[in-house]
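Engineer: One-letter residues, chain by chain:
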Amino acid sequence: GEDVEQSLFLSVREGDSSVINCTYTDSSSTYLYWYKQEPGAGLQLLTYIFSNMDMKQDQRLTVLLNKKDKHLSLRIADTQTGDSAIYFCAPASGGSYIPTFGRGTSLIVHP
Amino acid sequence: DVKVTQSSRYLVKRTGEKVFLECVQDMDHENMFWYRQDPGLGLRLIYFSYDVKMKEKGDIPEGYSVSREKKERFSLILESASTNQTSMYLCASSRTGSNTGELFFGEGSRLTVL
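Read top to bottom, the protein sequences are chains C and R. Position 36 of the first sequence, counted from 1, bears residue number 36 in our numbering, the numbering being contiguous throughout. Position 10 of the second sequence, counted from 1, bears residue number 10 in our numbering, the numbering being contiguous throughout.
Because the hints were derived from the structure by calculation, they are not lab data. Think of the CB as a built atom: it goes at the ideal place given N, C-alpha and C, for glycine as much as any other residue. Possibly wrong hints are sitting among the right ones.
Just a sample of chain R residues kept apart from chain C, beta carbon distances all over 10 Å, derived [unchecked claim]:
(1) R14
(2) E22
(3) D28
(4) K55
(5) K70
(6) S80
(7) Q85
(8) V113
Subject to a maximum C-alpha distance of 35 Å in a straight line, what follows is the list of computed DSBU-like cross-link-like pairs (lysine-lysine) [said to hold, decoys possible]:
(9) K71/R x K3/R
(10) K3/R x K70/C
(11) K18/R x K71/R
(12) K70/R x K13/R
(13) K36/C x K57/R
(14) K36/C x K70/R
(15) K70/R x K57/R
(16) K18/R x K70/R
(17) K56/C x K70/C
(18) K67/C x K57/R
(19) K13/R x K3/R
(20) K13/R x K67/C
(21) K55/R x K70/C
(22) K55/R x K71/R
(23) K57/R x K70/C
(24) K36/C x K70/C
(25) K53/R x K3/R
(26) K18/R x K3/R
(27) K3/R x K56/C
(28) K36/C x K3/R
(29) K36/C x K68/C
(30) K67/C x K55/R
(31) K55/R x K18/R
(32) K55/R x K3/R
(33) K3/R x K67/C
(34) K68/C x K57/R
(35) K55/R x K36/C
(36) K36/C x K71/R
(37) K13/R x K36/C
(38) K57/R x K13/R
(39) K67/C x K36/C
(40) K36/C x K18/R
Can you build the whole structure from these sequences, using the hints too?
Structural biologist: Shown next, in the form of structure tokens:
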């Protein structure tokens, strides 16, 4: 099965950029998702990228995909305290389309 | 506003009790999922269902069963709760097809087994 690795914590200052990295093992992953979980809440879909893309930008969010290295990253520009949450990388294979979740990266934003 | 609703936010049960966790979605989604979330382990898939009365095992089905008698409702059952099943349980739903991975989650049910 798919293995998904993320660092567990990231601490940044308000206004800086945050970069959350993820590596995965299944080269057949076709949809690669980022989910966000705010304290006390369920997960919500943040953004996703197709495997035939290298980059996707959506306002303050930039997703970069390196298929060769099976590396996915999420960059949040001008990070705000409201961005403090757990971010999950979740690639989905072309077979089932069911995502496999990483352990999640807790983003802590300091004022 | 579309919604996935989990019936109980917090439950406390005793070892050996039978536990039912209920989940209802109002989006007419074909797929429904049960995950458990533990600190440092992320989300692990317990069971999923792609249609009424259909179920598939996920990565950690042992000690759990599920029921899907109606499209909108997916129940997780712990036949005999144990302390190692203390966890946050998350229900999700999605449409079938290439957007199967676009999951809509409930707020979670935190279960404590004493």
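Engineer: Compare the structure with each hint and give your call.
Structural biologist: Each hint tested on the structure:
For R14/R, the non-interface assignment is confirmed: its Cβ lies about 25 Å from the closest Cβ of chain C, beyond the 10 Å cut-off. The beta carbon of E22/R is kept farther than 10 Å from every beta carbon of chain C, the shortest such distance being approximately 15 Å. Every CB of chain C is more than 10 Å from the CB of D28/R (nearest about 18 Å), matching its label as outside the interface. With 10 Å as the threshold on Cβ separation, the claim that K55/R sits away from chain C holds: the shortest Cβ distance comes to roughly 14 Å.
In this structure K70/R is separated from chain C by more than 10 Å, as the shortest Cβ-Cβ distance comes to about 21 Å. Distance check on S80/R: its Cβ is at least 27 Å (rounded) from any Cβ of chain C, clearing the 10 Å threshold; non-interface status holds. Separation of Q85/R from chain C is adequate, the least Cβ-Cβ distance of about 19 Å exceeding the 10 Å criterion. No Cβ of chain C comes within 10 Å of the Cβ of V113/R; the nearest lies about 21 Å off, and the non-interface call holds.
Simply put, K71/R and K3/R have alpha-carbon atoms about 14 Å apart, close enough for the 35 Å limit, and the pair holds. Under the criterion of a C-alpha separation no larger than 35 Å, the hint pairing K3/R with K70/C is consistent with the structure, at around 33 Å. About 23 Å separates the Cα atoms of K18/R and K71/R, which keeps this hinted pair within 35 Å; it holds. Restraint check for K70/R and K13/R: the C-alpha separation of about 26 Å stays at or below 35 Å, so the hint holds.
For the hint pairing K36/C with K57/R, the CA-to-CA distance comes to about 25 Å; that is within 35 Å, so the pair holds. For the proposed pair K36/C and K70/R, the alpha carbon gap of about 29 Å is at most 35 Å, so the pair holds. Pair hint K70/R plus K57/R holds up; C-alpha atoms about 19 Å apart against a cutoff of 35 Å. For the suggested pair K18/R and K70/R, the alpha carbons sit about 21 Å apart, so the restraint of at most 35 Å is met.
Restraint check for K56/C and K70/C: satisfied, since their Cα atoms lie roughly 16 Å apart, inside the 35 Å limit. Straight-line distance between C-alpha atoms of K67/C and K57/R comes to about 29 Å, which keeps the hinted pair within the 35 Å bound. Proposed proximity of K13/R and K3/R is supported: the alpha carbons are some 27 Å apart, at most 35 Å. Restraint check for K13/R and K67/C: the C-alpha separation of about 46 Å exceeds 35 Å, so the hint is violated.
Distance hint between K55/R and K70/C is fulfilled; the C-alpha atoms sit about 31 Å from each other, no more than 35 Å. Our distance criterion of 35 Å between C-alpha atoms is met by K55/R and K71/R, whose separation comes to about 12 Å. At most 35 Å may separate the alpha-carbon atoms for a hinted pair to count; K57/R and K70/C meet this at roughly 27 Å. A hinted pair counts as satisfied when its Cα atoms are at most 35 Å apart, and K36/C with K70/C qualifies at roughly 21 Å.
Under the criterion of a C-alpha separation no larger than 35 Å, the hint pairing K53/R with K3/R is consistent with the structure, at around 22 Å. Between the alpha carbons of K18/R and K3/R the distance comes to roughly 27 Å, so the proposed pair stays at or under 35 Å and holds. With a CA separation close to 27 Å, the supplied pair K3/R and K56/C stays within the 35 Å bound. Distance check on the hinted pair: K36/C and K3/R sit about 17 Å apart at the alpha-carbon level, within 35 Å; holds.
Straight-line distance between C-alpha atoms of K36/C and K68/C comes to about 26 Å, which keeps the hinted pair within the 35 Å bound. For the proposed pair K67/C and K55/R, the alpha carbon gap of about 32 Å is at most 35 Å, so the pair holds. Proposed proximity of K55/R and K18/R is supported: the alpha carbons are some 20 Å apart, at most 35 Å. Only pairs whose Cα atoms come within 35 Å are accepted, and K55/R paired with K3/R is accepted, the gap being roughly 22 Å.
Using a Cα cut-off of 35 Å, the hinted pair K3/R and K67/C holds, with the two alpha carbons roughly 34 Å apart. Between K68/C and K57/R the alpha-carbon distance is near 31 Å, which keeps this suggested pair within the 35 Å criterion. The hinted pair formed by K55/R and K36/C meets the criterion: a straight-line CA distance of about 27 Å does not exceed 35 Å. Simply put, K36/C and K71/R have alpha-carbon atoms about 27 Å apart, close enough for the 35 Å limit, and the pair holds.
Distance restraint check for K13/R and K36/C: the Cα-Cα separation of roughly 29 Å lies within the 35 Å cut-off, and the hinted pair is therefore satisfied. Proposed proximity of K57/R and K13/R is supported: the alpha carbons are some 24 Å apart, at most 35 Å. With a C-alpha separation of about 23 Å, the suggested pairing of K67/C with K36/C holds against the 35 Å cut-off. At most 35 Å may separate the alpha-carbon atoms for a hinted pair to count; K36/C and K18/R meet this at roughly 32 Å.
Checked against the numbered hints above, the structure violates only hint 20.
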